[in-house]
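Build the full structure now, drawing on both the sequences and the hints.
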Amino acid sequence: MLLPLAHALVSRRDLPIPAWLFAWGASIVLIVSFFALSVAWRSPRFERDRWRPSGAAFSRALLSYPARILCGAIGVFLLGLAVYAGLRGTEAPDRNFALTFLFVTCWLGFPLFSVVLGDVFRPFNPWRAVGRVVGGAFVLIAGQRFVHLPYPRRLGRWPAAIGLLAFVWLEVVYGVSGGVTVGVSPNTAATALLVYSAYTLAMMAVFGVEEWCDNGEVFSVYFGMLSQLGIFAVEDGRLGRRMPLAASTHWATVPGSLAVVIASIASTSFDGAQEGAFKGAISSTFDWFSEAGFSLTASLRLTDTIFMLLCFGGVALVYLIGVRGMATVSGGPPLSKLRTGFAHTLIPIAFAYLVAHYFSLFVFQEQAQLTYLLSDPLGTATTDLFGTAGAGVDYKVLSANAIWYVQVAALVIGHVVALTLAHDRATAYWGDYRQAARSQYWMLAVMVSFTCFGLYLLSAGNA
Amino acid sequence: MDSKYTRVAVGVVALVVAVVLLVVLSSGGGGDKTTKGVTTITIKNGKPVGGVAQLTYNEGEQVRFKVDSDVSDEIHMHGYDIMKDVKAGGSVSFDFPATIEGVFETELEGRKEQILELTVNP
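Residue numbers (our numbering), protein chains in the order written: chain H, 939 to 1401; chain Z, 249 to 370.
Among the clues, some could well be false.
As the list claims (entries may be wrong) - Straight-line distance between alpha carbons at most 25 Å, and here's what the computed BS3-like set of lysine-lysine pairs gives:
no. : chain 1 : residue 1 : chain 2 : residue 2
1   : Z       : Lys-360   : Z       : Lys-295
2   : Z       : Lys-332   : Z       : Lys-295
3   : H       : Lys-1217  : Z       : Lys-360
4   : Z       : Lys-295   : H       : Lys-1217
5   : Z       : Lys-295   : Z       : Lys-335
6   : Z       : Lys-314   : Z       : Lys-295
7   : Z       : Lys-292   : Z       : Lys-360
8   : H       : Lys-1334  : Z       : Lys-332
9   : Z       : Lys-335   : Z       : Lys-281
10  : Z       : Lys-292   : Z       : Lys-314
11  : H       : Lys-1334  : Z       : Lys-281
12  : Z       : Lys-335   : Z       : Lys-360
13  : Z       : Lys-292   : Z       : Lys-332
14  : Z       : Lys-292   : Z       : Lys-335
15  : Z       : Lys-281   : H       : Lys-1217
What the hints assert, rightly or not - Counterexamples of contact, computed for chain H against chain Z with all Cβ distances above 10 Å:
no. : residue
16  : Leu-953
17  : Leu-1016
18  : His-1086
19  : Leu-1087
20  : Tyr-1089
21  : Val-1120
22  : Ser-1228
23  : Leu-1234
24  : Ala-1338
25  : Asn-1339
Bear in mind the hints are in silico, worked out from the structure with no lab data behind them.
Quick caveat: nothing in here was measured; it's all calculated off a predicted structure.
Just so you know, even glycine gets a beta-carbon here, dropped at the ideal spot from N, CA and C.
Here it is as structure tokens:
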């Protein structure tokens, strides 16, 4: 997929998946879906995550004060380095530490590590670290805790959902020059990081550090959402293991959670589609705006923004139709409960989309991150900290076939996991298991749409 | 199975089959068309005449193209990381094996103007 950022960073993109693989992928999706209907279990299995502490000594070491301080310090240092490199380093996007670190290493790396290892962003979250230190200092000086405003429940995770869209908007829409998308510049990205830092710290001061991380802080909420799929979690100050996927079943009870997961799917879809499936439509809308008298930059930004919001609306619409369909099956909960009750079933789809679209970019660009971008973060060719400043990216580590198989496998596995969660939730909501199975024809249609749309985006890479 | 839901399921199947067919048919009857011979790209006022040239090869074949330019710039074949300078009114030839799969761009590096898109299929 050619996202403008990847365009600026690696100047290489994936070949579209060939028609035969598309056909096979779609067929497998349908076969596993109908198979899933026939093996349906009758009582919920994932509603409780059965968390159990494990590895007491390891847990104590990992969650000790020195370890937490070290992680926080690393987070703050890396944020500082990214901002510094962005402001002071080269404007060549592929040679500046800031862009790859922010948009590839963190934005794509943390989702992966969150699913596998649990919520690893939390200890490294630089804003949380700063917020906690400031909070601690306040207690020491003032002799009492800072009094925060109560966080409005109804606001829930909406700030994070909007923030997520804004972040991707900055990444793929904002960077425009002369009617061509060129990707965001290191300088702009660093400035945005500073603005976001100020906003986050202010919100933490108003509502409290943990409260804001749980609801409004974009990265905490987003990476935290994906960590719900995995088996490792810290509870009551101890590390433990839980049933895979199960924690996600109670993630979406906070208002706005549905918007977060839809924003994730929509932004990945838009990024994948803008140079492929939507290319023609985007270019004619762009022409229409520029002929209507808008500047080239304004026309392109306006067009991309509209298409990004259309993606959000489209994904939401498909899901809401499915929910409405489910509501027609008698014996279940009311519509509003169904709407939030199945939101978590989209998390595996969101993760599958991420893997399918960015897997190759991550593998290639991390080579740059760990070699020349680390040795020469400013890209000025004057430093060589680790002796790797002259290294390059080896594009032969992944063959086109390997990328295709990973892409299709990610979508198919995400599809199966999503169906599993949806069926399980239905058995919890409908007392009668036949009714539960009936309700799931609707979710099956929703999931098949998302997965086949995902496959279609991959096949229309540069059609 | 309730007949109403059977119809929904059949509808979904039909939809997917239709989309698959659409994609298969629109992919140009299958078979990878590859570029033969030496392609010449003419640069006029710093832009490629006739738009960005499309070259398609299978892995292992020899990529051959020539750039005639009326501007002086550096030509950068991304991915393969081949850089060649061209003078105003001059021409420069590229001849290298297609060893890396994917879609790559060639740019007039100074102008950030894309002149060629190279597709290497496996």
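Structure-based check of each hint:
{"no.": "1", "hint": "Z:Lys-360 with Z:Lys-295", "result": "holds (10 Å)"}
{"no.": "2", "hint": "Z:Lys-332 with Z:Lys-295", "result": "holds (17 Å)"}
{"no.": "3", "hint": "H:Lys-1217 with Z:Lys-360", "result": "holds (21 Å)"}
{"no.": "4", "hint": "Z:Lys-295 with H:Lys-1217", "result": "holds (21 Å)"}
{"no.": "5", "hint": "Z:Lys-295 with Z:Lys-335", "result": "holds (15 Å)"}
{"no.": "6", "hint": "Z:Lys-314 with Z:Lys-295", "result": "holds (15 Å)"}
{"no.": "7", "hint": "Z:Lys-292 with Z:Lys-360", "result": "holds (15 Å)"}
{"no.": "8", "hint": "H:Lys-1334 with Z:Lys-332", "result": "holds (22 Å)"}
{"no.": "9", "hint": "Z:Lys-335 with Z:Lys-281", "result": "violated (33 Å)"}
{"no.": "10", "hint": "Z:Lys-292 with Z:Lys-314", "result": "holds (14 Å)"}
{"no.": "11", "hint": "H:Lys-1334 with Z:Lys-281", "result": "holds (23 Å)"}
{"no.": "12", "hint": "Z:Lys-335 with Z:Lys-360", "result": "holds (16 Å)"}
{"no.": "13", "hint": "Z:Lys-292 with Z:Lys-332", "result": "holds (18 Å)"}
{"no.": "14", "hint": "Z:Lys-292 with Z:Lys-335", "result": "holds (13 Å)"}
{"no.": "15", "hint": "Z:Lys-281 with H:Lys-1217", "result": "holds (23 Å)"}
{"no.": "16", "hint": "Leu-953", "result": "violated (6 Å)"}
{"no.": "17", "hint": "Leu-1016", "result": "holds (28 Å)"}
{"no.": "18", "hint": "His-1086", "result": "holds (48 Å)"}
{"no.": "19", "hint": "Leu-1087", "result": "holds (48 Å)"}
{"no.": "20", "hint": "Tyr-1089", "result": "holds (41 Å)"}
{"no.": "21", "hint": "Val-1120", "result": "violated (8 Å)"}
{"no.": "22", "hint": "Ser-1228", "result": "holds (18 Å)"}
{"no.": "23", "hint": "Leu-1234", "result": "holds (15 Å)"}
{"no.": "24", "hint": "Ala-1338", "result": "violated (4 Å)"}
{"no.": "25", "hint": "Asn-1339", "result": "violated (6 Å)"}
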